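**Q** Each chain, written out:
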Amino acid sequence: MMDKLFDTLTFIFLLIVLILASSCLSEVDKKIYPIEQSLEIQESSGLKFEGPSITDGSQFNFKRELSGAYMLVIKDHFKNVISKSILDINPGNNVLSFYTNAINDGDYTIEFVDELGNVVESQKITIQ
Amino acid sequence: MRKLLKLLFLLPLIALSQSSGDGADISLEYLGTTLDEFKPLSKVQVNDTIVLALDINNLDSSHDITYTHIDLMYHTSAFARVGTPTWKTPSSAQNSLFTWNNVGFTPSSNYDVNDMWAQWNHGSYATSSGWNVDHWQSISTTPFGDDTYGHFVELKFQVKDAGSAHDYTKNIYATMARVADNTGNTEYVYPFGEVRAHPDQFISHSPLEDLDSSLSINIDTNDNVDPTKLKVVIKEDGAVVATLPLDASGDVTITDYVISSSKTYTAEITWNSNDSYKTSYLDNAFTISDVAYLLTETEGGVGHGNAGGVITNGISALNGDLSDPKNQLTPQDAYKMLTHVLGTDIFENNYYEKTFYAAKADDFDSYSMSDFVSGNSLNTKLIDTLSPDWSQAQNKWEYKTGILGDVNLNYTSAQSSSQEQAQVTRQTAAENKSGVATSKASFVSKIEGDKLIVEISTDDDNLSATQFKVKFDNTRLAFNEVVFDTGNLTTNFAFAGDDIINLGSINQQQDAIKKASKYIIKFDKTNGVTSPAGLVSINNFDAANKNGELVIFEFE
Numbered sequence: 001m002m003d004k005l006f007d008t009l010t011f012i013f014l015l016i017v018l019i020l021a022s023s024c025l026s027e028v029d030k031k032i033y034p035i036e037q038s039l040e041i042q043e044s045s046g047l048k049f050e051g052p053s054i055t056d057g058s059q060f061n062f063k064r065e066l067s068g069a070y071m072l073v074i075k076d077h078f079k080n081v082i083s084k085s086i087l088d089i090n091p092g093n094n095v096l097s098f099y100t101n102a103i104n105d106g107d108y109t110i111e112f113v114d115e116l117g118n119v120v121e122s123q124k125i126t127i128q
Numbered sequence: 001m002r003k004l005l006k007l008l009f010l011l012p013l014i015a016l017s018q019s020s021g022d023g024a025d026i027s028l029e030y031l032g033t034t035l036d037e038f039k040p041l042s043k044v045q046v047n048d049t050i051v052l053a054l055d056i057n058n059l060d061s062s063h064d065i066t067y068t069h070i071d072l073m074y075h076t077s078a079f080a081r082v083g084t085p086t087w088k089t090p091s092s093a094q095n096s097l098f099t100w101n102n103v104g105f106t107p108s109s110n111y112d113v114n115d116m117w118a119q120w121n122h123g124s125y126a127t128s129s130g131w132n133v134d135h136w137q138s139i140s141t142t143p144f145g146d147d148t149y150g151h152f153v154e155l156k157f158q159v160k161d162a163g164s165a166h167d168y169t170k171n172i173y174a175t176m177a178r179v180a181d182n183t184g185n186t187e188y189v190y191p192f193g194e195v196r197a198h199p200d201q202f203i204s205h206s207p208l209e210d211l212d213s214s215l216s217i218n219i220d221t222n223d224n225v226d227p228t229k230l231k232v233v234i235k236e237d238g239a240v241v242a243t244l245p246l247d248a249s250g251d252v253t254i255t256d257y258v259i260s261s262s263k264t265y266t267a268e269i270t271w272n273s274n275d276s277y278k279t280s281y282l283d284n285a286f287t288i289s290d291v292a293y294l295l296t297e298t299e300g301g302v303g304h305g306n307a308g309g310v311i312t313n314g315i316s317a318l319n320g321d322l323s324d325p326k327n328q329l330t331p332q333d334a335y336k337m338l339t340h341v342l343g344t345d346i347f348e349n350n351y352y353e354k355t356f357y358a359a360k361a362d363d364f365d366s367y368s369m370s371d372f373v374s375g376n377s378l379n380t381k382l383i384d385t386l387s388p389d390w391s392q393a394q395n396k397w398e399y400k401t402g403i404l405g406d407v408n409l410n411y412t413s414a415q416s417s418s419q420e421q422a423q424v425t426r427q428t429a430a431e432n433k434s435g436v437a438t439s440k441a442s443f444v445s446k447i448e449g450d451k452l453i454v455e456i457s458t459d460d461d462n463l464s465a466t467q468f469k470v471k472f473d474n475t476r477l478a479f480n481e482v483v484f485d486t487g488n489l490t491t492n493f494a495f496a497g498d499d500i501i502n503l504g505s506i507n508q509q510q511d512a513i514k515k516a517s518k519y520i521i522k523f524d525k526t527n528g529v530t531s532p533a534g535l536v537s538i539n540n541f542d543a544a545n546k547n548g549e550l551v552i553f554e555f556e
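Quick note, the sequences are listed as chains S and B, same order. The first sequence begins at 1 in this note's numbering and counts up by one. The second sequence begins at 1 in this note's numbering and counts up by one.
Chain S on its own, in the form it takes in the complex (with noise of 0.2 Å):
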């Protein structure tokens, strides 16, 4: 009785660990392919989004071969200046969020400047 009691536990047990494992190596997975491939960018360098429409919280891909502080610049329509916002740029692959319910929608441009004020990537992009 006790015996197939411990089986029945050890069964239990070992059940519990393979759940566990599987769910690490789908954390591996996501650390190999750290960005969603419509992101990807072959270049040392660019700027990409999900798509030419973007809704909050889309993300976006702003690859640099160096790291530095960068100015995101929202232009409306007319080009007037409606945002801009210091991003801390890694080198590499920078995945980040682009949130639009402060922005009300319609088509802009959006700038990535240097510090030097060279703009160095520019997208037209229309938020819904």
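In short, the hints are calculated from the structure, not lab data. Nothing here was measured: the structure is a model prediction, and the numbers come from that model. Every residue gets a Cβ at the ideal spot worked out from N, C-alpha and C, and that includes glycine. Be a bit skeptical, because a hint or two may be false.
Covered stretches of chain B (in silico footprint by chain S; criterion: 3 or more residues with CB under 8 Å from a CB of chain S, positions within the stretch not fixed) [what the hints assert, rightly or not]:
no., stretch
1, 433 to 446
2, 521 to 533
Result set (SDA-like, lysine to any residue): computed pairs, CA atoms no more than 25 Å apart in a straight line [stated by the list, open to error]:
no., chain 1, residue 1, chain 2, residue 2
3, S, K79, B, S280
4, B, K446, S, L96
5, B, K440, S, D107
6, B, K522, S, S97
7, S, K79, B, E431
8, S, K75, B, K160
9, S, K75, B, K518
10, S, K79, B, K518
11, S, K79, B, K446
12, B, K525, S, A69
13, B, K451, S, E115
14, B, K525, S, L116
15, B, K446, S, L47
16, B, K446, S, T109
17, B, K446, S, D56
18, B, K522, S, I89
19, S, K124, B, Q427
20, B, K440, S, V113
21, B, K440, S, M71
22, S, K75, B, D498
23, B, K170, B, N57
24, B, K518, S, D88
25, B, K446, S, L116
26, B, K525, S, K79
27, B, K446, S, Q42
28, B, K160, B, A53
29, B, K440, S, S97
30, B, K518, S, M71
31, B, K515, S, N80
32, B, K440, S, D114
33, S, K75, B, S442
Anything over 10 Å on all C-beta distances counts as not near chain B; from chain S, calculated [said to hold, decoys possible]:
no., residue
34, L66
35, S67
36, K124
Using the hints, position chain B against chain S.
**A** The following block gives chain B in isolation, referenced to the frame of chain S:
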């Protein structure tokens, strides 16, 4: 069983519309007027000429129609048949018409009134003053009645004024008919119950007065006021008869709704948009530069209480005259406006009703500063009584609009004679603003620990007032505080709405606010925010120079 199924299938048709089902339906169709084929019957006036058709719809697949006659009765006090009828029968058909004058029809009560062949046999005609009966008949070797040739016959009637006591019920009335098929060896006559007036047997329209004037309203608004956000409510003797949105030019045609010379009509200008648009638009009209302009007039400018010293436009003065005594611009007006901009809603949320006004365009255009200081009031209203001159081919009511608090007239209609003083303009998605100069500013946000810091900087030694509306993502940020660095003699203000921080400064000492002023807004951010991108934006901004004139910020 098949008969039962057929009966069940036809029952709804029979019950609902009294169609012949499998015989011939005859209908009196209204086809508009000779001048407007789309004019609804309800809008037909005295002296219009209406076009009617007698139509046959053969539903009997076993028989053709080669013979038809239909009697159409009409009251000669109300209608006069005019012109030449247009037969739509085969070219070889023999068409004929004869008329009985002063003859009226009495249907047989033993049969349905729309059972036209039964009524031909059992209804009766008798002398009746004022009624005519036309007998429309066609016989052909080629079948008709299946829409190959269109309607059976088309007729025209001129609409007459029969007097207010006249009863227009069934004044044009298809009384009886006979339909037959002569293609076989013997004539087949469509039997009782199978020649039905359906769907329309008569017309009972009481014509409108002969008021052939084109009526319209135009509301000329400032470019910052979208006229499609307004609508006009037309009332007839106090009852709403139409609610009509303005088009993009501020025009609306009301001809179809003002239709009587003996009734009283009013037009009321109301909003045609949601409250959030209304509130933000009115709020944008009444800003710190308006206050600065009025303060310059009443407190520190060359006028110093001398009306017209700085503000020379009568409409501008009217918009700033918010306190007693009326028709004088006083410091009390300026401080009441300042109170509003600093965050106290002096209109108690009834923005539209208490601030938005319209006036007849001619009155508005001619209103001057002299009128203002002399106590001549501008007749402003949102409801006007419309009194058309019916002898004119066209009546057009033209209005212009203004908003109290809009002293620098960025949201108020332009007067026809006003001179353009602005030197620069700014176009954004929200508005088009005109000012005398531009001024550089910056707006930068950055995440610092668990906070988002926004820094607004100006760099101008000629600014007397500033105002910024900063929109923030209230799902991720909570407003914490604003830190001002604007100089010792400056009055600062900030108040937080649901998702907007309204902040700014004003110097009331005839001096400028500090040249390198800073406004630092601190927000607490939620966990999981990975970047500052899009968390805040400049929603609107405003500024004035030391003369109280509007200055436009350019953010770099």
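**Q** State for each hint whether it applies.
**A** Hint by hint, here is what the structure shows:
Evaluation of the coverage hint for the stretch 433 to 446 of chain B: fulfilled, as 5 residues show C-beta separations to chain S shorter than 8 Å, against a requirement of three. Coverage of a stretch by a chain is defined here by at least three residues with a beta carbon nearer than 8 Å to that chain's beta carbons; for the stretch 521 to 533 of chain B and chain S the count is 5, and the condition holds. For the suggested pair S:K79 and B:S280, the alpha carbons sit about 22 Å apart, so the restraint of at most 25 Å is met. Restraint check for B:K446 and S:L96: satisfied, since their Cα atoms lie roughly 14 Å apart, inside the 25 Å limit.
Of the pairs offered as hints, the one joining B:K440 and S:D107 holds, with about 24 Å between alpha carbons and a cut-off of 25 Å not exceeded. Taking the CA atoms of B:K522 and S:S97, the gap is near 21 Å; set against the 25 Å cutoff, the hint holds. Of the pairs offered as hints, the one joining S:K79 and B:E431 holds, with about 14 Å between alpha carbons and a cut-off of 25 Å not exceeded. Under the criterion of a C-alpha separation no larger than 25 Å, the hint pairing S:K75 with B:K160 is inconsistent with the structure, at around 65 Å.
Of the supplied pair hints, the one linking S:K75 and B:K518 holds, its CA atoms being roughly 22 Å apart against a limit of 25 Å. Using a Cα cut-off of 25 Å, the hinted pair S:K79 and B:K518 holds, with the two alpha carbons roughly 24 Å apart. Proximity of S:K79 to B:K446 is assessed by CA-CA distance (about 22 Å); at most 25 Å being required, the pair is judged to hold. For the hint linking B:K525 to S:A69, the alpha-carbon distance of about 21 Å falls within 25 Å, and the restraint holds.
For the hint linking B:K451 to S:E115, the alpha-carbon distance of about 23 Å falls within 25 Å, and the restraint holds. The hinted pair formed by B:K525 and S:L116 fails the criterion: a straight-line CA distance of about 29 Å is larger than 25 Å. For a cut-off of 25 Å, the pair hint linking B:K446 to S:L47 stands: about 20 Å separates their Cα positions. Proposed proximity of B:K446 and S:T109 is supported: the alpha carbons are some 20 Å apart, at most 25 Å.
Using a Cα cut-off of 25 Å, the hinted pair B:K446 and S:D56 holds, with the two alpha carbons roughly 19 Å apart. Proximity of B:K522 to S:I89 is assessed by CA-CA distance (about 23 Å); at most 25 Å being required, the pair is judged to hold. Distance hint between S:K124 and B:Q427 is fulfilled; the C-alpha atoms sit about 19 Å from each other, no more than 25 Å. At roughly 18 Å between alpha-carbon atoms, B:K440 and S:V113 fall within 25 Å of each other, so this suggested pair holds.
Between B:K440 and S:M71 the alpha-carbon distance is near 18 Å, which keeps this suggested pair within the 25 Å criterion. For the given pair, S:K75 sits about 24 Å from B:D498 by alpha-carbon distance, which is consistent with the 25 Å threshold. Note on B:K170 and B:N57: the hinted pairing holds, with a Cα-Cα distance of about 22 Å set against a maximum of 25 Å. Restraint check for B:K518 and S:D88: the C-alpha separation of about 23 Å stays at or below 25 Å, so the hint holds.
The straight-line distance between the Cα atoms of B:K446 and S:L116 is roughly 18 Å, inside the 25 Å bound, and the hint therefore holds. For a cut-off of 25 Å, the pair hint linking B:K525 to S:K79 is broken: about 28 Å separates their Cα positions. Distance restraint check for B:K446 and S:Q42: the Cα-Cα separation of roughly 29 Å exceeds the 25 Å cut-off, and the hinted pair is therefore not satisfied. About 19 Å separates the Cα atoms of B:K160 and B:A53, which keeps this hinted pair within 25 Å; it holds.
Annotation: proposed proximity of B:K440 to S:S97 is violated, straight-line Cα distance about 29 Å (limit 25 Å). Pair hint B:K518 plus S:M71 holds up; C-alpha atoms about 19 Å apart against a cutoff of 25 Å. Distance hint between B:K515 and S:N80 is fulfilled; the C-alpha atoms sit about 23 Å from each other, no more than 25 Å. Restraint check for B:K440 and S:D114: satisfied, since their Cα atoms lie roughly 20 Å apart, inside the 25 Å limit.
As the CA atoms of S:K75 and B:S442 are separated by approximately 13 Å, the hinted pair is consistent with the 25 Å bound. Consistency note on S:L66: stated as away from chain B, and its beta-carbon is indeed over 10 Å from all of that chain's, at 19 Å minimum. Taking the minimum C-beta to C-beta distance to chain B, about 15 Å, the non-interface status of S:S67 holds against the 10 Å cut. Residue placement check: S:K124 keeps its beta carbon more than 10 Å from all beta carbons of chain B (closest about 15 Å).
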